[in-house]
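Colleague: We have chain A already, so just place chain B on it with the hints.
This is what each chain is made of:
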Amino acid sequence: MEYLLHILVIAGIYIILTLSLNLIVGYTGLPALGHAAFSCIGAYTSSLLALNMGLSPWIGLLIGACVAAISGIVIGYPAVRLKGDYLALATFGLGVIIYSIAKNWVSLTRGPMGLPGIPGFSIFGFELSETWTYLLLVMIFVAITIFVMRRIVDSPFGSVLRSIREDEVAAETLGKNTVKHKLLVFVIGAFFAGIAGSLYAHYITFIDPSSFTVMESITILLMVIFGGMGTVSGSVVGAVILVVFPELLRFLGMPSSIAAPMRQMIYGLLLVMLMIKRPQGIMGRYQFK
Amino acid sequence: MNSMIQQLMFNGIIAGSIYALIAIGFTVIYRTVKFFHFAHGVVYTAAAYFAYTLIISLNINFILSFFLSIILATILGISIDRSVYYPLRKRNASNLIFLLASFGIFIFLQNLIQLLYGAQILTIRTGPVKEGNHFLGAVITDIQIIILVVSIILMILAWLFIKKTKLGKAMRAVSDDPTAANVVGINPEKTILVSFAIGSALAGAAGILISFETNIEPTMGFTAVLKGIIASIVGGIGNIPGAVLGGFFLGLAENLGIWKISAGWKDSIAFLILIIFLLIRPWGFLGKKTEKDAF
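Taken in sequence, the protein lines are chains A and B. Converting from the first sequence to our numbering requires adding 7 to each position, the first position being numbered 1. Converting from the second sequence to our numbering requires adding 348 to each position, the first position being numbered 1.
These are computed hints drawn from the structure, not numbers from a lab. Backbone N, C-alpha and C fix where the C-beta goes; we use that ideal spot for every residue, glycine too. Some clues are possibly wrong.
As the list claims (entries may be wrong) - In silico SDA-like cross-links for lysine to any residue, where the CA-CA straight-line distance does not exceed 20 Å:
| hint | chain 1 | residue 1 | chain 2 | residue 2 |
| --- | --- | --- | --- | --- |
| 1 | A | LYS296 | B | PHE625 |
| 2 | A | LYS90 | B | PHE625 |
| 3 | A | LYS296 | B | ALA441 |
Unchecked claim - Which stretches of chain B does chain A cover? Using the computed rule of at least three CB atoms under 8 Å from a CB of chain A, they are:
| hint | region |
| --- | --- |
| 4 | 450 to 460 |
| 5 | 617 to 629 |
Chain A with its partners taken away, still in its complex shape:
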């Protein structure tokens, strides 16, 4: 039961990641491959603030998300000037650079040794140490994320995003500043990914760079595509299925040295099958052009 709750917490964190990437990839049509970099920045910022300065995780979460959002400008700036697979490659590269910084700036991040002993959240002195209390917290953040994403995509701003996706030149012709919109989308996506990273760090209480590799970014992208690009409910479904389903391997009694590569093999195969058979995902309306 405890284990099931744990899986649901992880699924909740992935829902936030998938929703925030869906805004960039699914709604605006920008193939960003470095999403784990933003959660990396959020996770490290809020963990380091808590460990080195004794700051409350609540404030750390907010600052972490803001730092991630600022990095969204830095990463988005070169990215939005490129198109298609070049944009994919550039965001991919920036993802590798952020990962390298986490791994090599040893004096700050302790490199591959990671940061142990990250404190958890507490409300009015009541520490959220039980998994179910943490699940509740994550669910609140998932609800906030879903609410904000729906508001964004149903707003005039969201319509501009879809018009950029469908025909960028036409959107420009109508006087829309597409570069500004694309940058803003990166900032919003990075902000929520930062929250997810921070939630993860204070839950697991340990982070190291290996949680934020480019493969992780591709996994999040797979969740977006699998659920369906450009749909909020698709992201929720995609994240939940792809987090929960591979866990069944463990129930079959596989040791983790087999279950870990098996899980990745399933992801890889799924990505190939989706591209061949159903590039718009199970509930999606849009596929990459």
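Modeller: Relative to chain A, chain B alone:
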């Protein structure tokens, strides 16, 4: 101090020759299909593991194993094209869909290798490590000399094949204008098959050569293919001399770049170079400024 620079330069040239081999293979494929064949990296990894299996598990000698592994890598490359890319071509899928499918193949095969051989590093080297030769103030191992010589021979062979043979000319024709090539009776599918064969053989050769020099691990193809792609873009995407130039440039830049900082930053240097090129000169050193819609 001085010999330090010479050593770093030499390391850069060795790394550069491997990058150049991967980049040429990548470029040969890119020219005919026009998408980023990321799974190129897993062909490189697989070739190293083929060599490991043949040499260590089956006790076949080095030279024979080298050629057998290249043949196996070639078969793998062609199978990837036939099983995944061919149905996508039939459907006229976009470049991005090809790239994502390619990531999928990469992840699948890399983890299959990990499942079969384990995540730990393996070594092909048999016998004791010999002391390197001293040359112009740098220490060079025999294997490094072999790597350099074999890669230069392979680069020349690939160049001659594309310039001189009929198949090579057909590949260039398909690259320049697929429709016109089809009109004059060049079979595009056959040309794509040949380019995957040559490209995969070159990636395979690079993987086997590096496995003689260092340890092998399932994740080795990831950075390797990225360096190959960066080298291709820096040199000018789709340009074969550019791929060679980009490979050596990248190898030297990375190795001289870590002169004052830790070697862990190599990948960051490579990607920084990529991003600078994508922003300032996306057509690379030798490319032409024609692919305007890509940038």
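Colleague: Work down the list of hints and note, for each, if the structure agrees.
Modeller: Status of each hint after checking the structure:
With a CA separation close to 24 Å, the supplied pair LYS296/A and PHE625/B exceeds the 20 Å bound. Taken as a hint, the LYS90/A and PHE625/B pair is honoured in the structure, with Cα atoms around 15 Å apart against an allowance of 20 Å. With a CA separation close to 8 Å, the supplied pair LYS296/A and ALA441/B stays within the 20 Å bound. Coverage of the region 450 to 460 of chain B by chain A holds [criterion: at least 3 residues with CB-CB distance below 8 Å; count 10].
Counting residues of the region 617 to 629 of chain B whose CB lies closer than 8 Å to any CB of chain A gives 6, so the stated coverage by that chain holds, three being the minimum.
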